[in-house]
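Got chain C sorted already, so can you dock chain D onto it with the hints?
So the protein sequences, as listed, match chains C and D. Under our numbering, the residue at position 27 of the first sequence is numbered 27, and the numbers go up by one with no gaps. Under our numbering, the residue at position 116 of the second sequence is numbered 116, and the numbers go up by one with no gaps.
Take these hints with a grain of salt, some might be off.
Under the rule of at most 20 Å between Cα atoms (straight-line distance), these lysine to aspartate or glutamate pairs were calculated in the DMTMM-like manner [unchecked claim]:
#, chain 1, residue 1, chain 2, residue 2
1, C, Lys33, D, Asp152
2, D, Lys145, C, Glu48
3, C, Lys33, D, Glu97
4, C, Lys32, D, Asp152
5, C, Lys32, D, Glu153
6, D, Lys129, D, Asp114
7, D, Lys99, C, Asp58
8, D, Lys99, C, Glu28
9, C, Lys69, C, Asp59
10, C, Lys32, D, Asp154
11, D, Lys99, C, Asp27
12, D, Lys99, C, Glu48
13, D, Lys99, C, Glu29
14, C, Lys33, D, Glu153
15, D, Lys99, C, Asp26
16, C, Lys53, C, Asp27
Read the hints as simulated data drawn from the structure, not as lab findings. Bear in mind the structure is a predicted one, so any value in this text is a computation, not a measurement.
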Amino acid sequence: MNTVTVALARLLLVAAVFAMPSFAADDEEALKKDLTAVIALHGQPCGEVVAVKVLAQDDYAATCKDRNKYHVYLNAAGRVIVEKQK
Amino acid sequence: MRVAHAAVLLLALAAGCSRGQRDAQAPEPADVVAQSATPQSGTPQSATPQPAPAATPAPSARPAAPRSAREAAPPVAKKPVPAPALDLNALEAQLKETKAIGLFTKITLKNQVDDLLDKFREYYQGKSKVTMADLRRAYDLLMMKVLSLLQDEDQKLASAIVSSREAIWGLLADPIKFATFQG
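The shape of chain C in the complex, shown without the other chains (with noise of 0.2 Å):
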């Protein structure tokens, strides 16, 4: 009774630590999508997100496929920016 509950209690330690990747993963594949739809609805050519860094809350490094690099963010006005980086 006692080894089942330690190897359930491994079992479960051992597929949290593989699915948590796996949440992270799909945030970051909704934040590159929301990112690339934001930069087209700025009508800035881009192709797709590919890589995010989180500068701050609300505010975005984006760099997209076609290596356009973008700073997106969240201004105190509440208007989501999108600047072109060089």
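Showing chain D alone in chain C's frame:
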């Protein structure tokens, strides 16, 4: 956050105008927003105040039965053209629920809706050089953006917006309705 607010604005815009008219029609495939208002032909450019399409969907057929004096008193016919009822809660719920659009995208769309509303406001105040045709173009473009974001992952909401499209335009293109909406 503001997303819901933003989306509500967008969809309030989208659904608001048409809501009242939906009930009168045959049951459409779900959707709170899609009330495919009585097909108001194409671009209702001017402010031709339309005859308030039967705001209350013909409950008048029933009251043939004898009523008490108290009920019969208020004349049924003359109703002061009630503004189309907005089910903002339902809209807000739909917008909150949709996962087809990300947070930043919703905020961006809200920004663009606000910009468009500003253009209409300036147009009606005579402060702008844009024409109604320009505004229609901007409106169509914004709708296309919204639909392209929704159509793959939230077809229900997308079709609701499509069916409300002309009704929304009717709201925007009528200065009186627009003013009411703004107020």
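Right, here's what the structure says about each hint:
no.: 1; hint: C/Lys33 / D/Asp152; verdict: holds, 13 Å
no.: 2; hint: D/Lys145 / C/Glu48; verdict: holds, 16 Å
no.: 3; hint: C/Lys33 / D/Glu97; verdict: holds, 17 Å
no.: 4; hint: C/Lys32 / D/Asp152; verdict: holds, 17 Å
no.: 5; hint: C/Lys32 / D/Glu153; verdict: holds, 16 Å
no.: 6; hint: D/Lys129 / D/Asp114; verdict: holds, 18 Å
no.: 7; hint: D/Lys99 / C/Asp58; verdict: holds, 18 Å
no.: 8; hint: D/Lys99 / C/Glu28; verdict: holds, 15 Å
no.: 9; hint: C/Lys69 / C/Asp59; verdict: holds, 14 Å
no.: 10; hint: C/Lys32 / D/Asp154; verdict: holds, 19 Å
no.: 11; hint: D/Lys99 / C/Asp27; verdict: holds, 12 Å
no.: 12; hint: D/Lys99 / C/Glu48; verdict: holds, 19 Å
no.: 13; hint: D/Lys99 / C/Glu29; verdict: holds, 13 Å
no.: 14; hint: C/Lys33 / D/Glu153; verdict: holds, 13 Å
no.: 15; hint: D/Lys99 / C/Asp26; verdict: holds, 13 Å
no.: 16; hint: C/Lys53 / C/Asp27; verdict: holds, 13 Å
Against the hints set out earlier in the document, no violation occurs for any number.
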